[in-house]
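Order-wise, the sequence lines are chains U and W.
For the first sequence, position 22 matches number 21 in numbering that gives the first Met the number 0, and the numbering has no gaps at all.
For the second sequence, position 84 matches number 83 in numbering that gives the first Met the number 0, and the numbering has no gaps at all.
Do not rely on the hints blindly, as some may be mistaken.
What the hints assert, rightly or not - If we take Cβ atoms under 7 Å as the criterion, some of the chain U residues that face chain W in the derived model are:
hint: 1; residue: 50
hint: 2; residue: 53
hint: 3; residue: 97
hint: 4; residue: 102
hint: 5; residue: 110
hint: 6; residue: 113
FYI, nobody ran anything at the bench for these hints, they're computed from the structure.
The model shown is predicted, which means the values in this text are computed figures rather than measured ones.
Beta carbons: idealized from backbone N, C-alpha and C, even for Gly.
Residue-level listing of the chains:
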Amino acid sequence: MNNNEIYSMVNNITILNIHSYKKLKEKKVVNQTLMELAEAFEVYEKPITAKLQYMERDRFFRIIKKYLAKEGDIYCFVTDCRGFFLDIIKLAPQFYSELDQLIGFQLLNLGTLELKIEANPPEWVRLYDFVEEFYYDIEERRESTGTTIVINQEEEQEFYDSLQKLFQEVEKSEEFSS
Amino acid sequence: MIKKITVLNINDYKEVTLQKLSSETVRDHLIMVDNYHEPLLERLMFLERDKLFKIIEKFLRKEINIRNFLYAYDEFSSEILELRLKFCSELDQLKNFHLLNIGTLELKIDSNSSYFDSLVYLLDEKLGKLENGELISEPEEQEFYELIKQLFKWVQRFDE
Chain U
0 MNNNEIYSMV
10 NNITILNIHS
20 YKKLKEKKVV
30 NQTLMELAEA
40 FEVYEKPITA
50 KLQYMERDRF
60 FRIIKKYLAK
70 EGDIYCFVTD
80 CRGFFLDIIK
90 LAPQFYSELD
100 QLIGFQLLNL
110 GTLELKIEAN
120 PPEWVRLYDF
130 VEEFYYDIEE
140 RRESTGTTIV
150 INQEEEQEFY
160 DSLQKLFQEV
170 EKSEEFSS
Chain W
0 MIKKITVLNI
10 NDYKEVTLQK
20 LSSETVRDHL
30 IMVDNYHEPL
40 LERLMFLERD
50 KLFKIIEKFL
60 RKEINIRNFL
70 YAYDEFSSEI
80 LELRLKFCSE
90 LDQLKNFHLL
100 NIGTLELKID
110 SNSSYFDSLV
120 YLLDEKLGKL
130 ENGELISEPE
140 EQEFYELIKQ
150 LFKWVQRFDE
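Bound conformation, chain U alone (with noise of 0.2 Å):
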């Protein structure tokens, strides 16, 4: 059984409980600790900010597809990923303060409301992931000499190659769903 087969059997949901999200909102608002923070982003900010890259995945597509046809080089492809994370970063708030207005919803008191997200298929999971780790190791780079992007060579031909291969895997899963 491949990993697409075993995929469509289980299918992975990510449960958001909005009764937890109001308690902790309500104790951060008296006293925020680092704790709670990162409770509040592993438990409710991560997986709804994973779902919209998931849900904005044409977009991503396009850059890498614009990348791999080698009509845009690496300086451009990275600047792209970054417009594409900065948009991300936008919609986010619009659905954490979604989350907030249910915080007031007398039906609260009634019983527990859940958002249950469908976790994201694990080929474009990796393929996420690798890009973003890409990215933000340039970022790093950049940041340290202070020149815009030091990458050698071999390296970037190490990259496209991977990036290819990851994201043929991910055409092959996507044609599978559908």
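Given chain U's structure and the hints, the job is docking chain W onto it.
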């Protein structure tokens, strides 16, 4: 030991209410009642049970007769219906949330104890009789009094 809960899927609620706008069928109506209105009503009644208990206690102390008792229960039920409308309008607001695009919102409601539900069922039955203009005889009233007394004991014993 097993905690019973009713799960209301807000996505289904959205679909049914949208459908209702274009063509309200008897089936849609039944789905709404069984899946959303009924569990909300039952739970609200349970949450407001202290008010109901006060009415029952009055009847058991014989401060009010069966007729006044059932009318007081009717008034209590009307208040619960008004509360339910408020909650349903909150469900309607949830439908518009963007959050629904990234997942499914579920509202989990704990189910009431069967003793409480039996008590309410008995009261509804008797109130229905009264509203139909049927007379309640003295032996029947005595029998009802004893039943309420017994059921109320069980409800109090197993109250959450």
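Exercise. Hint by hint, which ones does the structure fall short of?
Worked result: Per hint list: 2 and 4 violated.
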